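Participant: Read off the chains here:
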Amino acid sequence: MTLKIAVCVKYVPDATGDRGFADDLTVDRDEVDGLLSELDEYAVEQALRISEESDDAEVTVVTVGPDDAKDALRKALSMGADKAVHVNDEDIHGSDVMATSAILAKALEKTGFDLVVCGMASTDGTMGVLPALLAERLSLPQVTLLSELSVEDGLVKGRRDGDAATELLEAPLPAIVSVTDQSGEARYPSFKGIMAAKKKPVQELDLDDLDIDADEVGLAGAWTLVDAVAARPARTKGTIVTDEGDGGKQLAAFLATQKFI
Amino acid sequence: MAEILVLVDHADGAVRKPALELLTLARRIGEPSAVVLGAGEAAASIAATAGEYGAATVYVADGAEFTEQLVVPKVDALTQLAKEKGAAAVLVTSSGEGKEIAARVALRLGSGLITDAVELEAGENGPVATQSVFAASYQVRSTVTHGVPVITVKPNSAAPEASSAAGTVENVTVSFTGNAAKVVARTPRVSTGRPELTESAIVVSGGRGVGAAEGFAVVEKLADSLGAAVGASRAAVDAGWYPHSNQVGQTGKQVSPQLYVAAGISGAIQHRAGMQTSKTIVAVNKDAEAPIFDLVDYGVVGDLFEVLPQLTDEIGAR
Chain D
1 MTLKIAVCVK YVPDATGDRG FADDLTVDRD EVDGLLSELD EYAVEQALRI SEESDDAEVT
61 VVTVGPDDAK DALRKALSMG ADKAVHVNDE DIHGSDVMAT SAILAKALEK TGFDLVVCGM
121 ASTDGTMGVL PALLAERLSL PQVTLLSELS VEDGLVKGRR DGDAATELLE APLPAIVSVT
181 DQSGEARYPS FKGIMAAKKK PVQELDLDDL DIDADEVGLA GAWTLVDAVA ARPARTKGTI
241 VTDEGDGGKQ LAAFLATQKF I
Chain L
1 MAEILVLVDH ADGAVRKPAL ELLTLARRIG EPSAVVLGAG EAAASIAATA GEYGAATVYV
61 ADGAEFTEQL VVPKVDALTQ LAKEKGAAAV LVTSSGEGKE IAARVALRLG SGLITDAVEL
121 EAGENGPVAT QSVFAASYQV RSTVTHGVPV ITVKPNSAAP EASSAAGTVE NVTVSFTGNA
181 AKVVARTPRV STGRPELTES AIVVSGGRGV GAAEGFAVVE KLADSLGAAV GASRAAVDAG
241 WYPHSNQVGQ TGKQVSPQLY VAAGISGAIQ HRAGMQTSKT IVAVNKDAEA PIFDLVDYGV
301 VGDLFEVLPQ LTDEIGAR
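Chains as they are written, first to last, in the numbering used here: chain D, 1 to 261; chain L, 1 to 318.
No lab work stands behind these hints, which were simulated from the structure alone. Some hints here could point you the wrong way.
What the hints assert, rightly or not - No more than 20 Å apart at the CA atoms, straight line, and that leaves these computed lysine to aspartate or glutamate pairs for EDC-like:
{"hint": "1", "chain 1": "D", "residue 1": "Lys4", "chain 2": "D", "residue 2": "Glu53"}
{"hint": "2", "chain 1": "D", "residue 1": "Lys259", "chain 2": "L", "residue 2": "Asp224"}
{"hint": "3", "chain 1": "L", "residue 1": "Lys182", "chain 2": "D", "residue 2": "Asp114"}
{"hint": "4", "chain 1": "L", "residue 1": "Lys182", "chain 2": "D", "residue 2": "Glu148"}
{"hint": "5", "chain 1": "D", "residue 1": "Lys200", "chain 2": "D", "residue 2": "Asp56"}
{"hint": "6", "chain 1": "L", "residue 1": "Lys17", "chain 2": "L", "residue 2": "Glu119"}
{"hint": "7", "chain 1": "D", "residue 1": "Lys249", "chain 2": "L", "residue 2": "Glu65"}
Only a predicted model underlies this, so the values are computations on that prediction, with no experimental measurement involved.
Excised from the complex, chain D in its bound form (with noise of 0.2 Å):
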């Protein structure tokens, strides 16, 4: 039996650049490139491991985006990903988390899986609750936020490192599990892994093939709204000394006049 592994990826505006919003107060996607969310690739990574430390697995990358969330899928392939499924549809635009979940679910439904794995946060909403929503619509075990991840005898086993303590998890599949920056490197594409990514057959679904209308998902079926969005006012240019000698007593003397000591 096929261990079937779907990845859900995302495709957001790079980090490093100077990010901002559009006029109808979404993510502007046109201001600085996009790319495959880097906590995402620690989701891949894992798959691939977990894939070929099976006799036989699959792993198929799911992603809900616009065109250019392509180039997200073809880095997953690229990585080794065996296929991937791209929902696209312009009523998607400015769905919120739960809108997004929905499309999400339903689109690993028609996949089918057995595990499903998830980076720990995107790195533009940086909500990080996208799989416990899965979780929830799908009726699965979340086994969430891991730093180490293995599968074996149908079971996902996963540790935890929390707030308050370190937990040892453990689900049969099918499961949804999502994992941290912490649980191993992720890697580079050979050149033959971008050779073979263009080959590698990307699927496309709209909302009709999903079952699902368009006033549930996009700005119209959001169940929340943004009022205003405000460039944070820039800092005042703070005061800057070279140390000569006596920087930790300026320092102290500038800690005292805020009243920290």
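Use these hints to put chain L onto chain D, whose structure you have.
Facilitator: What follows is chain L alone, placed relative to chain D:
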């Protein structure tokens, strides 16, 4: 008055400070009720504290499920209470687990979700939440338009203010839905005696410039002289000099203290995303061109191994 459910985060039998902040914020938008889950015998004292900070009612539920299963039992309890009590909003602390709980509660209630709020106030159409996004380069104000607003709030978003309320304890029996991952083992984090990173009013962080694990001693000494938590940049954590649990940045902890001291940290965007909402920022770095100096209120271009000990001595002498 509208009942606002506040999930009370607790550890080692005590209320964690962000929960007191939530109770304080909840009073701006309605009448707070506290929800205390899986606290065992500590529930009574936790309930009392919640009462001192404004909770009119404290819902208490206990059961092995809360510690033996991940996230879902707390979702079951909070959803059940929100429905039964007709809550006007649900507030949860923005932690990894807190956000996951809030998300699933919101979905079950058919509600919109706002995460990582740094400010909360009453508005004409329900609570208005402010978020700080894109490495704190933008402030976004949002409202929930569908269902009962479910909002997670970052620690240090408000100063906890005591406000004596009834704190009437009501025991609750929760119907658990199952389908949760099993917690096979739990190892509590060993306390360093220092404040929790996300909750601390002062954070002193070290980066690549610290040079080695042993180099963190000067960072820790300064932190201890200020009663501060210790943070580390991703570069320092990846090098194995400090634990990941202390990482400040996009993929680590997001901190928002009154004072942030960055030592030997250049200020890459990933780090700035985790600390840029700090009220006062101070940096010590050899490199005068380091981007961190664009953010600071006060910066010292110099060797942290000379500046930090001198600062620590000055603080000790005061």
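Participant: None of the hints should be skipped; say for each whether it holds.
Facilitator: Structure-based check of each hint:
For the hint linking D:Lys4 to D:Glu53, the alpha-carbon distance of about 13 Å falls within 20 Å, and the restraint holds. Straight-line distance between C-alpha atoms of D:Lys259 and L:Asp224 comes to about 17 Å, which keeps the hinted pair within the 20 Å bound. The straight-line distance between the Cα atoms of L:Lys182 and D:Asp114 is roughly 18 Å, inside the 20 Å bound, and the hint therefore holds. Between L:Lys182 and D:Glu148 the CA atoms are separated by roughly 16 Å; this keeps the pair inside 20 Å, and the hint holds.
Between the alpha carbons of D:Lys200 and D:Asp56 the distance comes to roughly 18 Å, so the proposed pair stays at or under 20 Å and holds. At most 20 Å may separate the alpha-carbon atoms for a hinted pair to count; L:Lys17 and L:Glu119 meet this at roughly 16 Å. Proximity of D:Lys249 to L:Glu65 is assessed by CA-CA distance (about 54 Å); at most 20 Å being required, the pair is judged violated.
Violated hint for the displayed structure: number 7, the only one.
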